[in-house]
Amino acid sequence: MTRRAFALLASLGLILAVFAVATSCGNTSDDPPQRSVTQLPDPGEVIDEPLMLAMSRAKNFHHIANVYLQDGNVDAAVAEVRKILTIEFPAGAPEAQDVLLDARARLGKLLLGQAKQEESLRVVDEGIASATRESYFLANLYTVRGEILETAAPNQATDEAKQQMRHDAIEAFEKSNEMQLVIQRALAKEMGL
Amino acid sequence: MAHDDDIPTPDAPETPAETAKAKAFGELVEGMVSDQTPPPALAFEDRALLETATMIRAGSHDAFDLPADRRNAIIDAALESGAGIERDAAPQSSVADELAQRRLRRMAPWAATAVAAAAAVFLWLRPPGGQAPVNERPVPVAQQSRPADALVGRIDRAHAGDASARIDQMFADRSAGYRAVRFRRQGGDQ
Numbered sequence: 343m344t345r346r347a348f349a350l351l352a353s354l355g356l357i358l359a360v361f362a363v364a365t366s367c368g369n370t371s372d373d374p375p376q377r378s379v380t381q382l383p384d385p386g387e388v389i390d391e392p393l394m395l396a397m398s399r400a401k402n403f404h405h406i407a408n409v410y411l412q413d414g415n416v417d418a419a420v421a422e423v424r425k426i427l428t429i430e431f432p433a434g435a436p437e438a439q440d441v442l443l444d445a446r447a448r449l450g451k452l453l454l455g456q457a458k459q460e461e462s463l464r465v466v467d468e469g470i471a472s473a474t475r476e477s478y479f480l481a482n483l484y485t486v487r488g489e490i491l492e493t494a495a496p497n498q499a500t501d502e503a504k505q506q507m508r509h510d511a512i513e514a515f516e517k518s519n520e521m522q523l524v525i526q527r528a529l530a531k532e533m534g535l
Numbered sequence: 571m572a573h574d575d576d577i578p579t580p581d582a583p584e585t586p587a588e589t590a591k592a593k594a595f596g597e598l599v600e601g602m603v604s605d606q607t608p609p610p611a612l613a614f615e616d617r618a619l620l621e622t623a624t625m626i627r628a629g630s631h632d633a634f635d636l637p638a639d640r641r642n643a644i645i646d647a648a649l650e651s652g653a654g655i656e657r658d659a660a661p662q663s664s665v666a667d668e669l670a671q672r673r674l675r676r677m678a679p680w681a682a683t684a685v686a687a688a689a690a691v692f693l694w695l696r697p698p699g700g701q702a703p704v705n706e707r708p709v710p711v712a713q714q715s716r717p718a719d720a721l722v723g724r725i726d727r728a729h730a731g732d733a734s735a736r737i738d739q740m741f742a743d744r745s746a747g748y749r750a751v752r753f754r755r756q757g758g759d760q
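Sequences listed follow chains A and B, in order. Read left to right, the first sequence gives residues 343 to 535 (the working numbering). Read left to right, the second sequence gives residues 571 to 760 (the working numbering).
It is worth saying that the hints were derived from the structure and are not from the lab. Worth double-checking, as some hints may not be accurate.
Which chain B residues stay away from chain A? Per the calculated CB distances, all over 10 Å, these [what the hints assert, rightly or not]: (1) E600; (2) S604; (3) L612; (4) A643; (5) P679; (6) A730; (7) G747.
If you anchor each label on the Cβ, the simulated ranges turn out as follows [stated by the list, open to error]: (8) B:S745 <-> A:E520: 31 to 39 Å; (9) A:L358 <-> B:S745: 19 to 27 Å; (10) B:F692 <-> A:H509: 55 to 63 Å; (11) A:A530 <-> B:F753: 27 to 35 Å; (12) A:A433 <-> B:W694: 50 to 58 Å; (13) B:R676 <-> A:K531: 22 to 30 Å; (14) B:R724 <-> A:E460: 22 to 30 Å; (15) A:R464 <-> B:V691: 30 to 38 Å; (16) A:R464 <-> B:R752: 40 to 48 Å; (17) A:A530 <-> B:G757: 32 to 40 Å; (18) A:N408 <-> B:V691: 54 to 62 Å; (19) A:A530 <-> B:S745: 20 to 28 Å; (20) B:G757 <-> A:K425: 57 to 65 Å.
Derived coverage of chain A by chain B (criterion: at least 3 residues anywhere in the stretch with Cβ under 8 Å from a Cβ of chain B; other residues may be distant) [stated by the list, open to error]: (21) 478-485; (22) 492-498.
Ideal Cβ placement from N, Cα and C applies to all residues, glycine included.
Bound conformation, chain A alone:
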């Protein structure tokens, strides 16, 4: 192979490599969401109309539930709070998880007040499972879980079940305290305190 032919082949191969690099470079947003422990997520896009619309609807549902509660209509209030869980927030908006977890915390408290402990625990556990990052709202959800388990423990059939549920309640409270402390330190560090 002559030197010129070799040079042409080498340049062609490098051009193909550049093309391969150009097509492979890009966003890696298809990675599965992972729950971070200490790192706060970076701010996303600017506040836009879809986010404001979703937050407005959640706000209104909460206030409707307040009115129903003033009338003593807990079932209607629960129904309104459930509607918040069906709101479609902009993809990737951090406020979405905060609003939805907070709605689940309120819904769990309302159901606990109606002695619907299993349903309350299920609503809370679904929220915990859906969380992709630690936050005060997730810590609050663990607090509500602890309250549910603490309330439900005496109603268990066996002592072992009671003991296990109390243990789970303590674990939930401790998890909430630990997470709040971590978030508080991270925020203080971010603010330079």
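Following the hints, complete the assembly by docking chain B onto the known chain A.
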């Protein structure tokens, strides 16, 4: 009719008259070599001898007895006029052009390789997701979608179910940021 007795024998010693005559002729020849103008009044015999000496000198000596630069210029002019080549023609320029073209053809693949390598390095080093335009100013935090932990703070157990109050607080904060975003898009802060 001339008498043969007037012609001297070859081996006879020179006479003073012959010496003087030879000296005078020598001076004439020196003058001719020095490009001096011969005297206007010369004897017929002397003039004939001088012309003969001139012819001998021209035949035996280098006719182009000229300075080197003058000689070369005459030769070049003769050659160029004979070959029909213009004085400003540069035969070497065609050779130089051909060499340059060969060099360019030889370097072209390597130049393309270098450009491709530089492009590969640039694409590999660039941040994922592309880059924001250079002339786009950074967006203030208050106008960004972000977690509400800093706004809400730690949630006490006594307020675990107060989601309504917290959504009010979040909505008010984000509304202010959204108004600032719309104002900025309309060029309000330029």
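Quick rundown of the hints versus the structure:
1. E600: 72 Å, holds
2. S604: 68 Å, holds
3. L612: 80 Å, holds
4. A643: The claim holds: A643 (chain B) sits with its nearest Cβ about 46 Å from chain A, beyond 10 Å.
5. P679: 3 Å, violated
6. A730: At roughly 5 Å from the nearest Cβ of chain A, A730 (chain B) sits no farther out than 10 Å, so the non-interface label is violated.
7. G747: 5 Å, violated
8. B:S745 <-> A:E520: 31 to 39 Å: The hinted range 31 to 39 Å holds for S745 (chain B) and E520 (chain A), with Cβ atoms some 33 Å apart.
9. A:L358 <-> B:S745: 19 to 27 Å: Violated, since L358 (chain A) and S745 (chain B) (Cβ atoms, about 52 Å apart) do not stay within the stated range.
10. B:F692 <-> A:H509: 55 to 63 Å: 57 Å, holds
11. A:A530 <-> B:F753: 27 to 35 Å: Since the Cβ atoms of A530 (chain A) and F753 (chain B) sit about 31 Å apart, the hinted range of 27 to 35 Å holds.
12. A:A433 <-> B:W694: 50 to 58 Å: About 28 Å separates the Cβ atoms of A433 (chain A) and W694 (chain B), which means 50 to 58 Å is violated.
13. B:R676 <-> A:K531: 22 to 30 Å: 59 Å, violated
14. B:R724 <-> A:E460: 22 to 30 Å: Distance hint for R724 (chain B), E460 (chain A) holds at roughly 29 Å.
15. A:R464 <-> B:V691: 30 to 38 Å: 54 Å Cβ-Cβ, so the 30 to 38 Å window is violated.
16. A:R464 <-> B:R752: 40 to 48 Å: Hint holds: Cβ distance 41 Å, inside 40 to 48 Å.
17. A:A530 <-> B:G757: 32 to 40 Å: Hint holds: Cβ distance 37 Å, inside 32 to 40 Å.
18. A:N408 <-> B:V691: 54 to 62 Å: For N408 (chain A) and V691 (chain B) the Cβ distance comes to about 60 Å; the hint holds.
19. A:A530 <-> B:S745: 20 to 28 Å: 27 Å, holds
20. B:G757 <-> A:K425: 57 to 65 Å: Between G757 (chain B) and K425 (chain A), where Cβ atoms are some 39 Å apart, the hint is violated.
21. 478-485: Result for this restraint: holds, n = 5.
22. 492-498: Since three or more residues must qualify, the claim that chain B covers the segment 492-498 of chain A is violated, with 0 doing so at under 8 Å.
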